[in-house]
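Peer 1: Protein chains in written order, with my numbering: chain S, 1 to 458; chain D, 1 to 111; chain R, 1 to 236.
Do not rely on the hints blindly, as some may be mistaken.
[Said to hold, decoys possible] Derived DSS-like pairs (lysine-lysine); straight-line CA-CA distance at most 27 Å:
#1 LYS21(S) <-> LYS99(R)
#2 LYS324(S) <-> LYS25(D)
#3 LYS25(D) <-> LYS161(R)
#4 LYS209(S) <-> LYS403(S)
#5 LYS164(R) <-> LYS90(S)
#6 LYS134(S) <-> LYS97(D)
#7 LYS134(S) <-> LYS25(D)
#8 LYS90(S) <-> LYS25(D)
#9 LYS86(S) <-> LYS101(R)
#10 LYS99(R) <-> LYS133(S)
I should point out that these hints are in silico values taken from the structure, not numbers from a laboratory.
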Amino acid sequence: MSAILLVAIPLLVAFLSILVKKYAPYLLIIVGLFNLVMLFLLQDGGVIIGGFDQPLGINLLLNLYSRIALILINALIVVIACLNIKDYGKYGSILLLAMAGLNGLVLTVDLFNFFVFLEISGIAAYLITSSNKKPTNTFHYLALGAVGSSLFLFGVIILYAMYGTLNYGAMIEAIAANNNYAEVVLPFTLMFIGLGVEAKLLPFNSWVKGALGHSNTMSGPMIASVYAAALSFVLGRMIDNLFLFQGTLLTIVTVLLTVGILLGDFMAFSSTKTREILLFSSVAQASIVALLFVNGVVAWAVWLIIANALSKTVMFLVINKATKEVGCDETKSLQGLFTKNILVGLAFTLATLSVMGLPLLVGFMIKLNFLTALAGAGQIWLIVAILIASLVEGIYFVRLLVKLWYKGENEISVKYNLSFKVVFVVIALALLAFGSYTAPMNQIDNSVDAVTEVVNNG
Amino acid sequence: MIQYAAIILFVFGLYGLFTNRNVIKMIVSLNVMEVGLNIFIISIGFTYDGIAPILSSTTANGLLYVDPLPQALVLTAIVIGVGTTALGLAIAKSIHKTYNTFDLDEMGDKE
Amino acid sequence: MKNLFGLLLSLVLGAFIILALNNTAAFPAFGEVDLADRVSEQYFTDGNVAEVGSANIVTAIVVGYRGFDTLGEVTVLFISALGVAIIFGEKKQERLDLKFKPNFMLRVGSRVLFGMILITSIYIIFHGHLTPGGGFPGGAIIASAVLLLYLTDDRFRSNVKGFKILEGIAGSLFVVIGLLGLVLVTSFLQNFLPAGTVGDLLSAGIIPIIYVLIGLKVGSEISGIVDNFLTEEESA
Chain S
1 MSAILLVAIP LLVAFLSILV KKYAPYLLII VGLFNLVMLF LLQDGGVIIG GFDQPLGINL
61 LLNLYSRIAL ILINALIVVI ACLNIKDYGK YGSILLLAMA GLNGLVLTVD LFNFFVFLEI
121 SGIAAYLITS SNKKPTNTFH YLALGAVGSS LFLFGVIILY AMYGTLNYGA MIEAIAANNN
181 YAEVVLPFTL MFIGLGVEAK LLPFNSWVKG ALGHSNTMSG PMIASVYAAA LSFVLGRMID
241 NLFLFQGTLL TIVTVLLTVG ILLGDFMAFS STKTREILLF SSVAQASIVA LLFVNGVVAW
301 AVWLIIANAL SKTVMFLVIN KATKEVGCDE TKSLQGLFTK NILVGLAFTL ATLSVMGLPL
361 LVGFMIKLNF LTALAGAGQI WLIVAILIAS LVEGIYFVRL LVKLWYKGEN EISVKYNLSF
421 KVVFVVIALA LLAFGSYTAP MNQIDNSVDA VTEVVNNG
Chain D
1 MIQYAAIILF VFGLYGLFTN RNVIKMIVSL NVMEVGLNIF IISIGFTYDG IAPILSSTTA
61 NGLLYVDPLP QALVLTAIVI GVGTTALGLA IAKSIHKTYN TFDLDEMGDK E
Chain R
1 MKNLFGLLLS LVLGAFIILA LNNTAAFPAF GEVDLADRVS EQYFTDGNVA EVGSANIVTA
61 IVVGYRGFDT LGEVTVLFIS ALGVAIIFGE KKQERLDLKF KPNFMLRVGS RVLFGMILIT
121 SIYIIFHGHL TPGGGFPGGA IIASAVLLLY LTDDRFRSNV KGFKILEGIA GSLFVVIGLL
181 GLVLVTSFLQ NFLPAGTVGD LLSAGIIPII YVLIGLKVGS EISGIVDNFL TEEESA
């Protein structure tokens, strides 16, 4: 038993699935469940590949941090696959490869291997957005994604030229030994921009509007929750272990992320399309997560990623399903959506309130705690910025909710299947439950730093 | 300096990507950028008087080889570039089928 | 205006990269790399060379030390080929017409060339661990042979379904070999065959086997992509 199976089995099944195309979605669900079981059985620790330990070969690392990320990713992929088995069955193989790519991305501790998995999951993401039938938007995403990963690779290569290794742990040690932050500013900037493109950070994310603004019940939740969560996790690990921003670069990154939060929320405020409101809100949330990692508030950043992934899954599923049946996603034309779907409406409301950070829900606990942590670090301006953003966020979400609950001129009826409803209710209950019970997550605070330790100990 | 040439090529590609609105030209720019990056990767491993990293029966130890790792990395990078290009061209073909043009500006508000 | 902005942005980025690299002591000047500072030094030690058994060190890295990268690389190509097929639709395809009528000599000549190109590719694939070459170039050469037939014969249509099966099986075997390493020795993609004498055709353990699989997979994938581009939906 080894963590490599989490990547190898989806790959193997993906290769075989093109021979039995019809069964690909079912295979995907089986593999996803297998991965989830494996995640509960596997021991923490490093995995050697090819029989060569680092720095010669490639290593994987499973620790609490990556385990949480993997459980979230695999569980969400299984849920999304179950819901879309009928409509998007032919994307089964793609989702299998996306699963392998994202698992590898989270597990690997080799920088070039990371690039390879970034490309696998990236190409899978382009194909997932191609299900929107908007080729121009997919092309836009592909072009930006290719530039982003090229910049990332550029940074990795410069680091290799300087320190002669590609391994995370060895790289971190070499940089610490050299103790000259000025010389790593260039590669880190390039790598941060590269990851920022994929992690939806402003201003590198002009693809998001096209890719999510026309999304469907598969591509919406896949890109907005699964990919966003996975990339936030890896970005967080990079920031807290490798980048460790200092000096001018720290200032620039902080300003950039703060502007990203404000801009994202203001753009959501000024939009009248439901899906655009959701996607700009998730852009703002991605920046908040990155900002928390930059300030070392790891545990609450992880919580925020999980809560966002769960809420955004519900929100995008509700809206995209409704849009598909109504044929338009202007908030006006969706008016009165919940008058007949009270259960769905309640779940959507809970998810929205959780993102806004209202008491009793998980979002409130998170917001309270990370604001306290930021106050402890003396980042008053960041708190002010986040509070302003939250206010704006509150206004547009309440406005949206009011519209969706109150009957408009046109009667619309959208039918949600039982499976959709079950998912909504379970996630909404989870958001409620975690709001009062936060014990299990408090222990992850330090595990992000464990990467260096475990790698060094073999 | 060959490394400057590689960086300039990379930046050329980026410039082309920013300014072109024709899908095919954008893919070409993307390729120019990738070629620049690949040359840069290879240049990282070069040493003067170094020989290709292939052992032959006549050579003894103590020879100066160039760094083989960037060569292995560039192989991977090239293949990944091929994959992205193929996908980009496929999308370009489907764009042309939908809008009858390769120019993003000429598509107007059809989307 | 937009062009000017793009120009400025590119110039600034280029200047930033060049200046930063020039002023960094840790970044070695062109051609003055010291391998002793890098991991690569260890790839040349006698012990490691004997353990992997490949005379071509680049191949040793690509398939041996960093074989996992190569699996990912093959996956990237696989997913692109899959994506191209999905984007073009799954309806029945018929091939595009040539602008001219190929004559007898062209068709026969291209068949002869096809065989020669194929033999070259097989040679390149099998000697990947001894000389420059290997599965990726070899596979690309196979695909170029298929492309030649497409361009010289207007009735030619390769067996796409066969390519799909070959592609799937070759990819699965790659992973299976990796898993065998995990079961028989200790880690994924580890060599479980004798390394043999460095420089022999039959040496380097699983490296030639994997390279043959990669060659087949790359060849069939790129041929599949070529087929997808040279066909269109039947206008029924």
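Peer 1: Indicate, hint by hint, whether the structure satisfies it.
Peer 2: Hint by hint, here is what the structure shows:
1. LYS21(S) <-> LYS99(R): violated (36 Å)
2. LYS324(S) <-> LYS25(D): violated (34 Å)
3. LYS25(D) <-> LYS161(R): Outside the cut-off at roughly 33 Å; violated.
4. LYS209(S) <-> LYS403(S): holds (22 Å)
5. LYS164(R) <-> LYS90(S): Answer holds: LYS164(R) to LYS90(S) is near 15 Å, not above 27 Å.
6. LYS134(S) <-> LYS97(D): Answer holds: LYS134(S) to LYS97(D) is near 12 Å, not above 27 Å.
7. LYS134(S) <-> LYS25(D): Holds - the C-alpha atoms of LYS25(D) and LYS134(S) are around 20 Å apart, at most 27 Å.
8. LYS90(S) <-> LYS25(D): Since the Cα atoms of LYS90(S) and LYS25(D) sit roughly 31 Å apart, the hinted pair is violated (cutoff 27 Å).
9. LYS86(S) <-> LYS101(R): violated (45 Å)
10. LYS99(R) <-> LYS133(S): Violated. LYS99(R) to LYS133(S) sits at ~31 Å, over the 27 Å cutoff.
Comparing the model with each earlier hint shows violations of hints 1, 2, 3, 8, 9, 10; every other hint is respected.
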